[in-house]
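Trainee: Residue numbers (this note's numbering), protein chains in the order written: chain A, 58 to 652; chain B, 6 to 254.
It cannot be assumed that every hint is accurate.
Claimed, not checked - In silico lysine to any residue, SDA-like type, Cα no more than 20 angstroms apart, as pairs:
id, chain 1, residue 1, chain 2, residue 2
1, A, K491, A, M479
2, A, K390, B, S236
3, B, K54, A, R500
4, B, K97, A, V395
5, A, K390, B, N76
6, B, K97, B, N76
What the hints contain is simulated information worked out from the structure, not anything from laboratory work.
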Amino acid sequence: MTSERVDVLRTDILILGSGGAGLLAALHAFDADSTLDITVVAKGLFGKSGCTRLVQGGYNVVLNREDSFERHFLDTVKAGQFLNDQELVWTLVTQAPRCVYELEHTFGCFFDRNADNTIHQKAFAGQSFDRTVHKGDLTGIEIMNRLSEQVMRRGIRIVEEHRALDLLPDASGRRIAGALIHSVRDGRYLVVRAKAVLLATGGGPTMYRVTAASADKSMDGIAMAFRAGADICDMEMVQFHPTGLLAAASLMTGTVLEEGLRGAGGYLYNGRRERFMERYDPARMERSTRDVVARSSYLEIMEGRGSPNSGVFIDVSHLGAAFVEQNFPGMVKRCRSVGLDLARTPVEVTPTAHFQMGGVKIGPDCASSLDGLYVAGEDAGTVHGANRLGGNGVAESTVFGCVAGDAMAARVTGERLPEVDMPLAAAMVGRTRKSLSPTADGRDIYEVRGEMQRLMWEQVGLVRNGRALAAAAARVRELRARAEDLRAPGSEMFNPGWQDLLNLRNHLVVSEMIARSALAREESRGSHFRRDFTDTREDPVSNIFVRRRNNGNDENDEMDLYRKPVRFSRVRPDGSMGGAVAGAPEPAPLADQGE
Amino acid sequence: MRLNLKIWRQAGPGAAGRLEDYTASDVSSDMSFLEMLDVVNDSLVRQGKDAIAFDSDCREGICGMCSLVINGVPHGPDRGTTVCQLHLRRFKEGDTITVEPWRARAFPVIKDLVVDRSAFDRIIIAGGYVSVNCGGAPDGNAILIPKEISETAMDSAACIGCGACVAACKNASAHLFMSAKISHLSLLPQGQVERYRRVVAMIEQADADGFGSCSNEGECEAVCPKEISISNIARMTREYVRAMLVAGK
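All chains should be modelled from the sequences, with the hints used to inform the complete structure.
Mentor: Written out as C-alpha cells, the structure is:
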C-alpha cells in the first residue's frame with residue numbers, strides 16, 4: 058500500500074495529454090525557450106496512446122494555388138452550421154499550411170506524394186476542394202511517431218501511464234496552479250505545480266454504446282475542467298461518424314471506415330439496395346457531411362430499411378478491387394480481420410460516436426476562462442461548431458497545439474511558480490483512495506457503465522426528443538451519485554477495474570452535460586437533431602454554455618446552463634460579411650431543465 | 006464458446022510469477038482476444054479479485070500497446086496482426102491457451118502481462134529522429150522525393166514499436182525495430198544529416214540496454230504486425246559498416 062505522503066513535482070509548463078495537441082505544444086514551448094521545464098503526462102504509454110494515432114484519412118490544408126483560405130473557412134463554417142467561433146476557424150485554416158510544412162521540415166514527417174513529387178491531397182466529404190493531406194490511410198501513426206521522437210530527443214520530461222485526476226487551483230482559488238496526477242502503474246499520487254497547465258487529453262465519446270474512440274478515452278479533460286469551474290460549451294454537439302464497422306459481437310464494431318471511401322465515390326445502400334442518400338441530400342449524396350449521412354443511415358435503420366444486422370451497406374466494389382486495395386490498405390485489412398472483403402463486396406456499417414465538437418471555451422491563444430489553464434484539441438470547443446469536417450480534427454489538434462505552446466511559453470517567462478491548494482489535493486487523494494476497497498465486489502461498475510452506454514445511445518444519440526432527453530438527464534444524474542459510492546476491488550497497482558471506475562465517473566459528468574445541453578437546444582442543427590424541433594430555427598444562433606454552480610468540492614455538483622449569441626466576426630449565415638452582433642445581449646441563464 | 010486459459014500473473018517487478026488457470030466461459034467467437042480478457046477481468050472484478058493487467062488502447066491494430074505472447078507466439082498465430090486483431094474464431098471450443106508477457110532482459114515485467122518497454126525509447130533518444138530544420142515555411146512542396154523511395158521509406162515507418170520482434174527473437178534482439186527506423190530515416194532527405202551518427206548511436210544504446218544480436222533466424226519478421234521486412238536489417242548493417250568507414254573508427 059502507498060504511504061500517505063504525496064510527492065510534489067515543480068515544472069514551468071504541465072501538459073496533460075500526449076496526442077498531437079500535447080506534443081506540439083511541448084515542442085513549440087521548448088523551441089521558444091529551451092530553458093523551460095516542461096512535463097508531458099500520458100494516460101497510457103507515451104507515443105502509443107491517444108486518438109491522434111488513430112487518424113486514418115488525413116489533414117485538411119490549403120496548399121494548392123487553386124484552393125484558398127476563404128474556401129476552407131467557408132466549408133468549415135457551413136459544415137458547423139454557423140455555431141463555430143469564426144476567429145478560431147480562421148486560425149485553423151490560416152495556420153494549417155505552416156503546421157504541415159513544419160511537420161515535414163522540422164519534425165521529419167512525410168506525407169504521400171503526387172507523380173510530380175508534390176504533396177498529394179485527396180477528396181474528403183463536405184469540401185469544395187480536394188485538400189486532405191495524408192500518409193496512406195495511416196496518417197496518425199506518421200504524425201505521432203515523428204512528434205514523439207522529437208519530444209524524446211529534446212529531453213522533455215515524460216510521465217507515462219499516469220492519469221490526471223483533477224486540476225488544482227492556488228489557495229486563493231483565483232487561478233489554476235497545477236494538477237493532481239496518479240500512477241496507473243503503482244497507484245502513487247503526484248502533485249504537479251506549474252505556471253501554466255494545458256488540457257489536451259482528447260475527447261472520445263466512449264459513453265455511447267457504439268463508439269470509435271480508443272478504449273482508454275473517458276473525456277477526462279472536460280470533466281476536470283468542469284470540476285475546476287471552467288466555461289464549457291456546445292456539449293450537445295456529438296459527432297457520429299456514418300461508417301463505423303459492424304462486426305457482430307466484437308468491440309471492432311464502431312471502429313471507423315474512413316471518410317475517403319465516400320470521398321472516392323463509395324455508395325451507401327440500405328437493406329433494399331437503395332442508395333438512400335437520394336432521399337436526404339440528393340445533391341451531395343454520399344459526399345454529404347457526416348451529420349447528414351449518419352442521421353440518414355440511422356433513420357433508415359429505425360424505419361426498418363436497415364441491413365440484416367441493423368446497419369447500412371457501404372459499397373466501394375465498383376471502384377475496382379485493385380484501386381481499393383491500393384488506396385485503402387488499412388481499411389481493407391481492418392475489414393478482413395473480421396472476415397469481410399471491402400474491395401469486392403458491400404460491408405455493413407453503422408453510425409458510431411466519434412468526436413465531441415463541444416468542449417472548454419477558449420480564446421485565440423487557447424486560454425480558458427480560468428487563469429493559468431490552456432486547452433487545445435478535442436478538449437476545446439467551438440472550432441467545429443455543430444459538425445466537424447473530416448480532416449479538420451487532426452488539423453485542429455496540431456494547429457492549436459502549436460498556438461498553445463507558443464502562448465504558454467510567452468506567458469510563463471518571468472512568472473513565479475504559484476502555490477497549489479495542498480489541503481484540496483489531499484482531499485482529492487483521499488476521495489480517490491476511497492474508491493478502492495480490497496473487500497469490494499465491483500459488480501455495479503459494469504452494470505452502471507452498461508446502462509449509461511445504452512441510455513446515451515438510445516436517448517441522447519442521433520435522433521433526440523425533449524421527453525427522452527429530460528428522462529436521460531435525470532437518470533444520468535442518479536447514476537453519477539451511484540458511481541460516487543461504488544468501490545473497485547483489487548490492488549493499487551495496474552488495476553483495470555479501478556481505472557474503469559475512475560473513467561466511469563468522468564463519463565457520467567460529461568454525459569449529464571451532453572443530455573442537459575441537448576435538452577436546452579430546442580432546434581435541430583448539425584449533429585444535434587430533435588424530432589420535436591426539426592427546424593434550424595435559433596435566431597440569434599447561440600452557444601449553450603455549462604458551468605459548475607459552486608466552486609466547492611462537492612461530489613455531485615449542480616450545473617448551470619446559459620447561452621450567448623454566436624459572434625459572426627467574418628461572415629453571417631445569410632452570406633453577408635460579419636462583424637460583432639450589435640447590441641448583443643448579456644448571457645441569459647436557462648431555466649433549469651431536466652431536474 | 007468456452008476456453009481454458011493459463012495466464013502469467015506477477016504482482017510486481019521483483020515478484021515471482023506463475024501461470025494461473027482461468028476459464029473464459031460463454032464468450033463469442035466474434036470477440037477479439039483482448040475482449041475475451043475483458044470478460045475474464047469483468048468477472049474477476051465482480052468476484053472482488055485483482056484484474057489481470059495488460060496493455061491495450063486502440064484495439065484497431067495501430068497503437069502498439071498490446072503485447073501478449075499467445076501459445077508461445079508474440080501477437081498469436083495470425084500473421085501480420087496485433088493481439089487486438091486476433092479473434093476467438095481462430096480457436097476451438099475447449100482449447101487451452103497460454104498467455105504470457107514479452108520476455109526479454111531489456112523488457113522487465115511491471116505486473117502480470119505488462120512489461121516496461123522504455124528501452125525502445127532510449128534507442129530512439131540515441132538517434133532515431135530528424136534534427137535538420139529546413140527553416141520556416143517556404144514552399145510546402147520544397148521536399149521533392151521520388152514516389153518509389155518515399156514508399157519504401159514509409160513501409161519501414163509503419164513500425165508501431167510494439168516489441169514483438171524482440172519477444173520472438175531467441176537473442177532478444179532489437180534489430181528489426183532499429184533497422185526499420187534507420188531505413189526510414191536514411192532513405193529520406195530529412196534524415197541525411199545525422200545518417201551515420203544515428204546508426205552507431207542506436208546500436209550502441211541497444212547493446213547497453215541488454216538487447217542481443219541478430220543471427221538471421223527471421224522470427225522477428227514472422228511476428229511483426231506491420232510485416233516489416235527483414236531486409237531492413239541488411240540495410241542497417243550496410244549503414245553501420247559505411248558509418249564505421251566514414252568515421253574511421
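Trainee: Looking at the structure, which of the earlier hints fail to hold?
Mentor: 2 and 5
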